[in-house]
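Line order of the protein sequences matches chains Y and U. Residue numbers are given in the working numbering: position 118 of the first sequence equals residue 118, and the series is strictly consecutive. Residue numbers are given in the working numbering: position 151 of the second sequence equals residue 1151, and the series is strictly consecutive.
Think of the hints as simulated: they come from the structure by calculation, not from any bench. Think of the CB as a built atom: it goes at the ideal place given N, C-alpha and C, for glycine as much as any other residue. Don't take each hint at face value.
As the list claims (entries may be wrong) - Label-pair distances were calculated between CB atoms; the ranges are: (1) U:1100 - Y:44: 47 to 55 Å; (2) Y:81 - U:1101: 50 to 58 Å; (3) U:1104 - Y:94: 46 to 54 Å; (4) U:1149 - Y:23: 18 to 26 Å; (5) Y:67 - U:1101: 55 to 63 Å; (6) U:1100 - Y:77: 47 to 55 Å; (7) Y:70 - U:1100: 43 to 51 Å; (8) U:1097 - Y:83: 49 to 57 Å; (9) U:1161 - Y:45: 20 to 28 Å; (10) U:1154 - Y:45: 29 to 37 Å; (11) U:1116 - Y:43: 39 to 47 Å; (12) Y:80 - U:1120: 30 to 38 Å; (13) U:1118 - Y:44: 32 to 40 Å.
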Amino acid sequence: MRYVLACAVLVATSAVARADEKDKADCDYLEIAASTGKAPAMDSELKPLDKKLKKPPFASWNTFHKLSGGPMALVKQKADSLKLAQGGASILLRDRSDKKLELTVTIDGADGKRVLDNKQSVPIGEWSMFVHTAKDDAHILALTCK
Amino acid sequence: MTNRDVDFMEHADGELEIELAGDGRAKVDAVKELGELVRGRLERAADDVPEARFAAMWSEIDQTISKPSAKSQTLPVLAQPAPVTQTGMWSRIGRFLDTYRSQIITGAISAGAVAALALVLRGGGATHRNGSDPIDVQRVAHRPAEIEDLDTPGGTGTVFNLDDEDGSTTVIWVTPEDTVEGI
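This is chain Y alone, in the form it adopts within the complex (with noise of 0.2 Å):
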């Protein structure tokens, strides 16, 4: 009788958490700084993004450095501040299948302007990078949920 029991809490936490997942996305972000110098550098915490700034567009910069970064953790209807080296952004999930995350990712620049209003249905565990180009340098901010 009590495996039985114990059974049955443990099917209704799995439930449980399984109900929480729906509600939640674990994501990873990179603000990273491109610009063209005499050789080219790219940090070593860029490894993820490597074979995508090596290819065009990006390849007119050879140098690209990780501003910030790191996990972020979305709850369903909750927007989630980023503060960026160079400005700020903001990220809703919005909602979420097992395939799919609904994201709004709104982007401002260091004055403090608007630089981007983006929604978005993006799936799971594939990147989003987010350009903004300044002259000869840019702004990337990528990102991605799972």
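Given chain Y's structure and the hints, the job is docking chain U onto it.
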């Protein structure tokens, strides 16, 4: 013995029907009585043999029954754990497993059932983990994001996809109208 006596014996055996006189009838009766005596003795002897065999069998059975009882007196001694000469961790773990074997098996089966239920409840998201990336992510399929809305105040937005073996990356490229202005 005369031929007449042979006739009497055949008559006593039921093989010949003859007229019996007083002396003949006495002889026949004597022969019949003698036959009865011999037959009875033989039957008695025949009965005595199985009885002797049964007695031997019961004796054997008694011995067989008495042997387990003698063994059972020694069994508890054998079943008792040996004097604890090994006090190492492995021996203690072994004794623990022996003692709680049924509970451990029940627990393992329960855990397996719960794991199976959890997998069933998890649903049909055919995902896999990419362990090679420093940032571990779940991938479903290499498909681009669907842009539902895009607003780029003071700039021009361009959307394109970069597909490679790592997946499909959606790039939103914002070019300021005044490209002199920094971010």
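_Ascending list of hint numbers which this structure does not respect_ = Failing hints: none at all.
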